[in-house]
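S.K.: Each protein sequence line maps, in turn, to chains A and B.
Using full-length UniProt numbering, read the first sequence as starting at 1 and increasing by one per residue.
Using full-length UniProt numbering, read the second sequence as starting at 1 and increasing by one per residue.
Read the hints as simulated data drawn from the structure, not as lab findings.
For clarity, every value in this text was computed on a predicted model and none was experimentally measured.
A few of these clues could be false.
[To be verified] Okay, derived cross-link-like pairs now, BS3-like style, lysine-lysine, Cα gap no bigger than 27 Å in a straight line:
| # | chain 1 | residue 1 | chain 2 | residue 2 |
| --- | --- | --- | --- | --- |
| 1 | B | 5 | A | 31 |
| 2 | B | 115 | B | 46 |
| 3 | B | 5 | A | 30 |
| 4 | B | 149 | B | 172 |
| 5 | B | 164 | B | 176 |
| 6 | B | 162 | B | 149 |
| 7 | B | 172 | B | 182 |
| 8 | B | 174 | B | 162 |
| 9 | B | 46 | A | 30 |
| 10 | B | 164 | B | 178 |
| 11 | B | 164 | B | 115 |
| 12 | B | 164 | A | 31 |
[As the list claims (entries may be wrong)] If we take Cβ atoms under 10 Å as the criterion, some of the chain A residues that face chain B in the derived model are:
| # | residue |
| --- | --- |
| 13 | 3 |
| 14 | 6 |
| 15 | 9 |
| 16 | 25 |
| 17 | 44 |
| 18 | 50 |
Think of the CB as a built atom: it goes at the ideal place given N, C-alpha and C, for glycine as much as any other residue.
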Amino acid sequence: MSVQEDPVQREIHQDWANREYIEVITSSIKKIADFLNSFDMSCRSRLATLNEKLTALERRIEYIEARVSGGTVGR
Amino acid sequence: MPLVKRNIDPRHLCHTALPRGIKNELECVTNISLANIIRQLSSLSKYAEDIFGELFNEAHSFSFRVNSLQERVDRLSVSVTQLDPKEEELSLQDITMRKAFRSSTIQDQQLFDRKTLPIPLQETYDICEQPPPLNILTPYRDDGKEGLKFYTNPSYFFDLWKEKMLQDTEDKRKEKRKQKQKNLDRPHEPEKVPRAPHDRRREWQKLAQGPELAEDDANLLHKHIEVANGPASHFESRSQAFVDHMDGSYSLSALPYSQMSELLSRAEERVLVRPHEPPPPPPMHGAGEVKPVPPCVSSTPGLVENRPQSPATGRTPVFVSPTPPPPPPPPLPSALSTSSLRAAMTSTPPPPVPPPPPPPTAALQAPAVPPPPAPLQIAPGVLHPAPPPVAPPLAQPSPPVTRAAQVCEAVPVHPVPPQAEVQGLPPPPPPPPLPPPGIRPSSPVTVATLSHPPPVLHPPPTTIVPGPHAPIMPPSPPSQVIPAPEPKRHPSTLPVISDARSVLLEAIRKGIQLRKVEEQREQEAKHERIENDVATILSRRIAVEYSDSEDDSEFDEVDWLE
Numbered sequence: 001m002s003v004q005e006d007p008v009q010r011e012i013h014q015d016w017a018n019r020e021y022i023e024v025i026t027s028s029i030k031k032i033a034d035f036l037n038s039f040d041m042s043c044r045s046r047l048a049t050l051n052e053k054l055t056a057l058e059r060r061i062e063y064i065e066a067r068v069s070g071g072t073v074g075r
Numbered sequence: 001m002p003l004v005k006r007n008i009d010p011r012h013l014c015h016t017a018l019p020r021g022i023k024n025e026l027e028c029v030t031n032i033s034l035a036n037i038i039r040q041l042s043s044l045s046k047y048a049e050d051i052f053g054e055l056f057n058e059a060h061s062f063s064f065r066v067n068s069l070q071e072r073v074d075r076l077s078v079s080v081t082q083l084d085p086k087e088e089e090l091s092l093q094d095i096t097m098r099k100a101f102r103s104s105t106i107q108d109q110q111l112f113d114r115k116t117l118p119i120p121l122q123e124t125y126d127i128c129e130q131p132p133p134l135n136i137l138t139p140y141r142d143d144g145k146e147g148l149k150f151y152t153n154p155s156y157f158f159d160l161w162k163e164k165m166l167q168d169t170e171d172k173r174k175e176k177r178k179q180k181q182k183n184l185d186r187p188h189e190p191e192k193v194p195r196a197p198h199d200r201r202r203e204w205q206k207l208a209q210g211p212e213l214a215e216d217d218a219n220l221l222h223k224h225i226e227v228a229n230g231p232a233s234h235f236e237s238r239s240q241a242f243v244d245h246m247d248g249s250y251s252l253s254a255l256p257y258s259q260m261s262e263l264l265s266r267a268e269e270r271v272l273v274r275p276h277e278p279p280p281p282p283p284m285h286g287a288g289e290v291k292p293v294p295p296c297v298s299s300t301p302g303l304v305e306n307r308p309q310s311p312a313t314g315r316t317p318v319f320v321s322p323t324p325p326p327p328p329p330p331p332l333p334s335a336l337s338t339s340s341l342r343a344a345m346t347s348t349p350p351p352p353v354p355p356p357p358p359p360p361t362a363a364l365q366a367p368a369v370p371p372p373p374a375p376l377q378i379a380p381g382v383l384h385p386a387p388p389p390v391a392p393p394l395a396q397p398s399p400p401v402t403r404a405a406q407v408c409e410a411v412p413v414h415p416v417p418p419q420a421e422v423q424g425l426p427p428p429p430p431p432p433p434l435p436p437p438g439i440r441p442s443s444p445v446t447v448a449t450l451s452h453p454p455p456v457l458h459p460p461p462t463t464i465v466p467g468p469h470a471p472i473m474p475p476s477p478p479s480q481v482i483p484a485p486e487p488k489r490h491p492s493t494l495p496v497i498s499d500a501r502s503v504l505l506e507a508i509r510k511g512i513q514l515r516k517v518e519e520q521r522e523q524e525a526k527h528e529r530i531e532n533d534v535a536t537i538l539s540r541r542i543a544v545e546y547s548d549s550e551d552d553s554e555f556d557e558v559d560w561l562e
């Protein structure tokens, strides 16, 4: 009897091992996807703050240029 | 509902049907799962590349901006070192005449346009089912619209808003033109204005016998003015000034003329509540008049409107009733008579109630028929988005022809026009103009029918949507449309006279049509030139609104910006 069960048992053991292997891979894929999403979000937020600072700087420079040039140059 | 931006493609690893005839199923499932894992990895890498690409593009644009900023800072630093404090301009003119600094405010607009859709979402969108190909029917349409627009139109709301804004700017411009005209028409009247307050003070002195009554009047006035000005706290200082000058309901004459004319136009458009008010009682009961009006005044929205309306609350019932017994402020009846809109209304013997708020276009339609020279002046000069192209050309030939041959026919002619009218109204736009003008060129006998075109024309103009090709008619169909009893009477004279008349009438109509078509083409060109720029549309509208109390020079500048 044990001889008959062995191939089945072996198969089932092998199957379990395969599934565990696949599970490890899929969980790491999910981690990668998660990492990509959070990286995307954080990058966007930092770029947005950068954008804000840049626009503020640009406006200040415009104003200073207008002051320095005496208001006759452009706007 | 959140929309998934990027979806890894093989969602389920082993939810597939196993092929038949396999001995080791477990191995098969394992191998299928591993293959799907590889596919998932590939889509994951594709999306990762997309994510980094977007971030890179944004950062790249920032790098350009930073570089340009760096250059500007360098230039500024150089120029600042070169500044000489002794070179300051001393002239006062420079300070006042110089253009004020305005920073370039770039507004975000058209954010959710089809072009700004991110690539992965565009791909998801492409996978979806397409709408039915209704655009293949577009070449067969008469009105030139795309067939698919009737099924699904993504720009519908934006177009609606754009139309509304443009319409509002046009309305404001017209208001201002009217005010200008009114201001030009009444240059001498302000002389009368300063007299009024003295009289009030004398009357108040007379009233000193009943001090309680006098106080009540003043309190009521102040209260109502405050109520009306409540929502517009911005203008409280202004109202205070008015309150100080207020001696009664007639200190409104202290208002500058532009605001009075503004009041007139606004009152006739918006304050419709009191058409039936009894004729204004003697001056001392002005306070009583003020009472019923402020509720309707304060309900009108808009800061700009509140400001001129609130101090002049007592005036509105007087405005709306065009045939008053002596209205308290003397300039008003002359104002009423000189306004172009009122001229037609007051000249005809109407009930004391003017018609409910007709927009200026509709008001033009009504007086178009009775005074023949008036439409000639008004219609070509005013650019309406929906001009009644049929009404003026139809109106103009009819009165001259009625006057040319005043032949009164018997009753049998009468059933003809109603019949024609009935025929005319139910069919779609092009046919309705046919029966009325079809009757006209038919014969001299039917001239009496021309006395009926005024009532006949009124229903067709209201139903006809501007179709510039509608009034174009060859001479033959009118003669065909002529109802049966007419040709039997004068068959010999019909063809000759109809040809001559139809040619003449056609020439007249085409002359007028050419102007209308040119105007329409101008308008269409104008509309095409107007880009889908939310910022410019809004800025134009706001400029027109806020230039109410200022010169038209600013408004003209906005105009030329188009």
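S.K.: Does each hint hold? Answer for all of them.
M.R.: Quick rundown of the hints versus the structure:
About 18 Å separates the Cα atoms of residue 5(B) and residue 31(A), which keeps this hinted pair within 27 Å; it holds. Among the hinted pairs, residue 115(B) with residue 46(B) is consistent with the structure: their alpha-carbon atoms are about 21 Å apart, no more than 27 Å. Taking the CA atoms of residue 5(B) and residue 30(A), the gap is about 16 Å. The hint holds against a cut of 27 Å. Of the pairs offered as hints, the one joining residue 149(B) and residue 172(B) is violated, with about 31 Å between alpha carbons and a cut-off of 27 Å exceeded.
Between residue 164(B) and residue 176(B), the direct Cα distance comes to roughly 18 Å. Compliance with the 27 Å bound is thereby established for this hinted pair. Taking the CA atoms of residue 162(B) and residue 149(B), the gap is near 17 Å; set against the 27 Å cutoff, the hint holds. Proposed proximity of residue 172(B) and residue 182(B) is supported: the alpha carbons are some 15 Å apart, at most 27 Å. At roughly 18 Å between alpha-carbon atoms, residue 174(B) and residue 162(B) fall within 27 Å of each other, so this suggested pair holds.
Between residue 46(B) and residue 30(A) the alpha-carbon distance is near 15 Å, which keeps this suggested pair within the 27 Å criterion. A threshold of 27 Å between alpha carbons decides the hint, and for residue 164(B) with residue 178(B) the separation of about 21 Å falls inside it, so the pair holds. With a CA separation close to 24 Å, the supplied pair residue 164(B) and residue 115(B) stays within the 27 Å bound. For the hint pairing residue 164(B) with residue 31(A), the CA-to-CA distance comes to about 51 Å; that exceeds 27 Å, so the pair is violated.
Because the smallest distance between the Cβ of residue 3(A) and any Cβ of chain B comes to about 19 Å, over 10 Å, the interface hint for this residue is violated. Because the beta carbon of residue 6(A) sits about 15 Å from the nearest beta carbon in chain B, more than 10 Å, this interface hint is broken. A hinted interface residue such as residue 9(A) counts as satisfied when its beta carbon comes closer than 10 Å to some beta carbon of chain B; here the least separation is about 12 Å, so the hint is violated. Given hint, residue 25(A) at the interface with chain B, holds; its Cβ is 5 Å from that chain's nearest Cβ, closer than 10 Å.
Hint status for residue 44(A) relative to chain B: holds, with the closest Cβ pair at about 7 Å, below 10 Å. Interface restraint check: residue 50(A) against chain B, minimum CB-CB distance 6 Å, threshold 10 Å, status holds.
Hint violations for this structure: numbers 4, 12, 13, 14, 15, all remaining hints satisfied.
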